[in-house]
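So the protein sequences, as listed, match chains L and Z. Count the first sequence with UniProt numbering and you get residues 1 to 326, in order. Count the second sequence with UniProt numbering and you get residues 1 to 289, in order.
Simulated from the structure, these hints should not be mistaken for lab results. A virtual CB, placed ideally from N, CA and C, is assigned to each residue, including glycine. A portion of the hints provided could be inaccurate.
Said to hold, decoys possible - Computed Cβ-Cβ distance ranges for the label pairs, DEER-style:
1. L:311 to Z:114: 46 to 52 angstroms
2. Z:211 to L:13: 31 to 37 angstroms
3. Z:114 to L:107: 48 to 54 angstroms
4. Z:233 to L:227: 42 to 48 angstroms
5. L:315 to Z:119: 57 to 63 angstroms
Unchecked claim - Heads up, simulated EDC-like pairs for lysine to aspartate or glutamate below, C-alpha to C-alpha not over 20 angstroms straight-line:
6. L:301 to Z:97
7. L:301 to Z:239
8. Z:37 to Z:97
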Amino acid sequence: MRLALGLIALVALLFVLSLISGQAPVGASQSLRALITDDGTPLSVVMREIRLPRALLAAMIGAVLGLSGAAMQGYLRNPLAEPGLIGVSGASALGAVLAIQTGLSLMIPLALPLAALGMAVLAVLLILALAGPRGTSITLILAGIAISALAGALTSLALNLSPNPFAAADIVFWMMGSLADRSFTHVWLAAPFMAVGAALLLSLGRGLDALTLGEDAAQALGVNLSGLRLRLILGTAACVGAATAVAGAIGFVGLVVPHLLRPAVGARPSSLLWASALGGAAMVLAADIAVRELLPARDLKLGVLMALVGAPLFLHLIYKTRKEMA
Amino acid sequence: MRGCVRLSRIISLLAALVLTGAATGGPVGAAAGTAPKRVVSINLCTDQLALLLAAPGQIVSLSHLSHDPDSSSMAEAAQAYPTNGSGAEEVYLLSPDLVLAGTFTASATVRMLRDLGIRVELFAPARSLEDIPERMAQMGAALGRAPEAEAQIARFHADLARLSAPPARRPRAALYYVNGYTTGDRTLAGDILRAAGFDNVATEAGLEQGGTLALEQLILLAPEVIVSGRDYPGQARAEEVLTHPALHALTGTRIAGTLTDRDWICGTPLVLSAVQKMRDLRLSLEVKK
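Use the sequences and the hints to build the structure in full.
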C-alpha cells in the first residue's frame, strides 16, 4: 500500500513538472493557471494543446510499456523479456510506418494504431513460437535480435522509398521515440487501445502468480494457460502497438522498471504488474522532462536516455544469466 | 538516382534559404568578345540565372532540378534544354567551355572539373534581395552578356521599389517549415517577407539567421500570419508540426498555408513574384481589419 501511494505521488509530481517544463520561459504558477482557466491567451493554447497531451502521453505510454514488460517477464519467467528488446516495439513501428507511407492513415486515422497492433501481434506470436513456453534467455534474445533487425531494416526501407525528402529523417524518430509536438489527436488515437490492452494485462495477475510454481501446478490450480497466453499476446500488442504508433519505439522501460520494483513487491508477478505501470509512467515522464531540460533546442530522442539507463542494466542481467546461457 | 535528386533538391533549397553565403567564387574572367559558347549549369539557381541572361544557343545543358516544376521557377523554359546529373564525368563529356555551379555544389566535382581545365564559375546563394543584382551582374559578365544584365538589373530595382513601398502598418509574421524550422531576417526568405511589409517574429526570438523554433515558442509569439513551407509528396512525421491542432487553436493568427514555393528558393528576379504574393497577403489582412 505504501509503495502504491508513493508511486502515485511520484507520478503526480512528475506530471506537474512535465507540464511546467518546455522551451518557452514561462513561470510555473502562471502556466498552470493558464492550463486551468482558458483565458484565450497563447499561453493557454500552449498548455492545453501542447504540454497537456505531451504529459498525458508520457504517463500513458510509460504505464503500458512498464506493464507489458512486467507481464511478459511474468509469463516467460525471464527478466530479459521486454517489448523493445524482443522486437515487438520495432515491429509496431514498422506497422505504423507502413500505415503512414501507404496513405492509409490519412483516410482512416485508426489505421495507424491498428497496423502497429497487427505487426505487434505478429512479433509476439513469433517470439512465443521461437522461445517456447519456458522462454530460455538465449532463444528469447536471439529471436528478439532477428525480429528487431528485420523490422528496423524494413522500416528504413519504407522510409527511404518515400517521395518525401524528410521521411528518411523520420527513421530516428521511429527507432528512438519522441513525444515532441504530439497533440490530443494522438492521445485519443492511442487511449482506447491502451485501455483495452492494460485491462487484459492487469487481469493476468492471478495466473502469473500461479505460473511461478510451474506450468503443471498452475494448471492444477485451475489456470487456463492457453487463455492466459492469448490475453498476454493481445494485451501486449495493444499496449505496445498503440504506444509505438504515436511516439515511436521507446525501449528499455519494460526492462528497467520491473527490475527496480521486483524486490519492493516481494517478486509477486501480480503486484509487479500495477507497480510497473506506475513506475513506467514515472520513468517516461522523467525522461521526457530531461530531454526538454538537457538539450531544449535539439529534440533529443527519448530512446537515447532510456538506452543510457537501460543498456547497462541489460548487460548486467545478461552477465547474471550467463550460466543459463552457457 | 532518384534519391540523389531529392537530396540535392533539399540541399539547394537549404543552401538558398538558410546558409550564410561564403564569398563568391573565382574572378569573373570573361571579357567581351570571349563569350563562352558551350555553357553547362549544374545548380538549380545558376540554371535560372543562365536562362534569364544567356544568348540563344549558349546553354548546352541544365541541372536535373531545372525541369522540376516544384523547385524551379523556370521549369517551362528549361524544358527546351537537356539535363545533366551534375557529376564531373557527365559534365566533362558535354565539353563545356564554362560550367556554372553554386558555392555549395559538391566541391569534389568542381575541383575535378577545374583540374580537367574547364572554367567553373561559382555563384554564392543569395542571402538577401540586395544580393540578387550582384548575382545577375556576375552571370552577365560570365556569359559575356553584361548589357542584358544591366537592363534586367535596372528593371529589378524598379519593380522591387514599387512592391516594397513602406506600408502603414507592419504585421508580425512567421515563416514555419518542416521540423519546426524558421528563417530569420538575414536570409533570402526573411528579406522577401521584410520587403513585402511584414515583421518577422523569428527576430524577436533571437533567430536572425533562422533555426529551430519550438511550436510552443511560435504560439507564444502569436504572429498575425504563419506562412508554412511547401507540402512535399508522401508523408513524413517531420511535417506533422505544420498541422498541429494548437496552430488552429490560436485566435487572431491566420494560417496562410504553403506560400513559400519555388519562387523563394533562388536569388533571381523571379523572387519578385514571391514579394508580390506576400504583399497581396498583407493587403488582404488590412482589408479584414
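(message) Need the status of pair residue 37 of chain Z, residue 97 of chain Z: alpha-carbon distance at most 20 angstroms?
(response) Measuring from Cα to Cα gives roughly 7 angstroms; hence the hint holds.
(request) May I ask you to test the hint 48 to 54 angstroms on the CB atoms belonging to residue 114 of chain Z and residue 107 of chain L? (result) 52 angstroms, holds
(message) Hint check: residue 301 of chain L vs residue 239 of chain Z, CA-CA at most 20 angstroms. Holds or violated?
(response) Given pair residue 301 of chain L, residue 239 of chain Z holds - Cα atoms ~17 angstroms apart, limit 20 angstroms.
(request) Please test the hint of 46 to 52 angstroms on the beta carbon pair from residue 311 of chain L and residue 114 of chain Z. (result) 48 angstroms, holds
(message) Against the range 57 to 63 angstroms, how does the distance between the Cβ atoms of residue 315 of chain L and residue 119 of chain Z compare: consistent or not?
(response) Distance hint for residue 315 of chain L, residue 119 of chain Z holds at roughly 59 angstroms.
(message) 42 to 48 angstroms was suggested as the range; check whether the CB atoms of residue 233 of chain Z and residue 227 of chain L agree with it.
(response) Distance hint for residue 233 of chain Z, residue 227 of chain L holds at roughly 47 angstroms.
(request) Take a quick look at whether residue 301 of chain L and residue 97 of chain Z sit within 20 angstroms of each other, Cα to Cα. (result) Violated, at roughly 50 angstroms.
(request) Indicate whether the distance between the beta carbons of residue 211 of chain Z and residue 13 of chain L respects the range 31 to 37 angstroms. (result) This hint holds: roughly 33 angstroms between Cβ atoms.
Hint compliance for this structure: hint 6 is the single one not met.
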